[in-house]
Amino acid sequence: MQFTRRHAVWFAGIGILGCNDPMKPGKVESDILGYSISAQGGGTDPSTGEELTCGFTIAQVDTDGNFIGSWTDTTTVAFSRARRSPSQQVTYDTVIAAQEIRVTVSDSFHISMEVSGPLTEHLLADMIPQYPGWGSGEWTCGTGHPLSRVQPDVALPGRWQTVPIINIPIE
Numbered sequence: 028m029q030f031t032r033r034h035a036v037w038f039a040g041i042g043i044l045g046c047n048d049p050m051k052p053g054k055v056e057s058d059i060l061g062y063s064i065s066a067q068g069g070g071t072d073p074s075t076g077e078e079l080t081c082g083f084t085i086a087q088v089d090t091d092g093n094f095i096g097s098w099t100d101t102t103t104v105a106f107s108r109a110r111r112s113p114s115q116q117v118t119y120d121t122v123i124a125a126q127e128i129r130v131t132v133s134d135s136f137h138i139s140m141e142v143s144g145p146l147t148e149h150l151l152a153d154m155i156p157q158y159p160g161w162g163s164g165e166w167t168c169g170t171g172h173p174l175s176r177v178q179p180d181v182a183l184p185g186r187w188q189t190v191p192i193i194n195i196p197i198e
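First residue of the sequence shown: 28, per my numbering; consecutive thereafter.
Hints in this document: simulated from the structure, not taken from any laboratory.
Treat each hint with caution, since some may be false.
[Said to hold, decoys possible] Derived Cβ-Cβ restraints for the label pairs, each shown as a range: (1) Glu165 to Gln87: 16 to 26 Å; (2) Ser112 to His149: 29 to 39 Å; (3) Gly171 to Pro73: 10 to 20 Å; (4) Gln116 to Ile193: 30 to 40 Å.
From a predicted model like this one, the values you see are computed outputs, not experimental measurements.
Quick reminder that beta carbons are idealized off the backbone N, C-alpha and C, glycines included.
Hey, can you work out the whole structure from these sequences and the hints?
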């Protein structure tokens, strides 16, 4: 019998199933150590026709490993805006250090993030039930956000998302 790609996929599947808890088929036990949070909005400047983008990234908000709860962490927020025309692109960015962020997971379907300071937000998102910790919701980059002077009077609709930082034990 010749070893084929189909056999390799089958053996890999068996190996993955072997890591599962027999009491919870299809589930891999892991701890959510924190969340990475980001957002991006985009649109067009009505006065110049330039393409505009705006967004922020929070690399990590630490949690205690539980899935349901509320956590506060002090971390860094990277915020950027860009203007793009056919001939050039200009990017403006800033880093906001020591920003306090609260993440709340009230149940396995909802997550919220609150931050106040130079970046002030209260965002809500729906989580993907099959992927604990993954969530997405609406966000608008507005005129009150950092660096708004480079995109005056323009609100850019977009989305924000959470990605869990997980610890999967290898046994």
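(message) If you test the structure against every hint from before, which numbers come out violated?
(response) none
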